[in-house]
Amino acid sequence: MDPCMELKQNTTIVVLGASGDLAKKKTYPALFGLYRNQFLPQDVKIVGYARTKMDHEEYIRRIKSYMKTPTKESEQQLEEFCDLCTYVSGQYDKDESFQVLEQHLQDIEKGRTEAHRLFYMALPPSVFTIVSQHLKKVCYPTKGIARVIVEKPFGKDLASSRELQKVPGA
-10 MDPCMELKQN TTIVVLGASG DLAKKKTYPA LFGLYRNQFL PQDVKIVGYA RTKMDHEEYI
50 RRIKSYMKTP TKESEQQLEE FCDLCTYVSG QYDKDESFQV LEQHLQDIEK GRTEAHRLFY
110 MALPPSVFTI VSQHLKKVCY PTKGIARVIV EKPFGKDLAS SRELQKVPGA
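Last residue of the sequence shown? That's 159 in the numbering used here, and every number before it is there in order.
Worth flagging that the hints you see were computed from the coordinates, not collected in a lab.
Heads up, a few of these hints could be off.
Each computed DMTMM-like pair below joins lysine to aspartate or glutamate, with the alpha-carbon atoms no more than 20 Å apart [unchecked claim]:
hint, residue 1, residue 2
1, Lys132, Glu103
2, Lys126, Asp96
3, Lys99, Asp82
4, Lys34, Glu68
Taking the hints into account, I'd like the entire structure generated from these sequences.
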């Protein structure tokens, strides 16, 4: 399968580090732009995952706080976009946390014959390795495609970048 394929139906995007500045200022506005321009599959789901404990309303409020909606139409599109979004709180170094994430993914993907998951790491490089390992161990779908997107920088220097490249799932 071509790793550069366009997003297909049955896709779930998981934003790891969803409560951080990168996610709020860049990742979610970019996803909203893709949604607004109809570049995301119609049945896409977006799941935020971070250590911060917050309820759904707080999560949505944070997403909306960095969005620009100059027209009534874009305000309506933002409401529709937010309807696609859910949130799970958990640690980055605990299997149990990733099992909760996996259960949430299975719940929102019910009825799908396959699950395509795109894991976007809006995280500090210090946790890339451990998160990649937990994702591969617990959250990769049995039927479908898993892709991991790592936000730069990938490591803190050339040596650590090469080490990260050796990690399964990274």
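Given the hint that lysine 34 pairs with glutamate 68, does the C-alpha gap stay at or below 20 Å? Between lysine 34 and glutamate 68 the Cα gap is close to 14 Å, so the pair holds against 20 Å.
Given the hinted pair lysine 99 and aspartate 82, is their Cα-Cα distance within 20 Å? Not OK: lysine 99 and aspartate 82 at ~27 Å, beyond 20 Å, violated.
For the pair supplied as a hint, lysine 132 and glutamate 103, is the alpha-carbon distance within the 20 Å limit? The hint holds at about 5 Å.
Do the alpha carbons of lysine 126 and aspartate 96 lie within 20 Å of each other, as the hint requires? Holds - the C-alpha atoms of aspartate 96 and lysine 126 are around 19 Å apart, at most 20 Å.
Hint 3 from the earlier list is the only one contradicted by this structure; the remaining hints agree with it.
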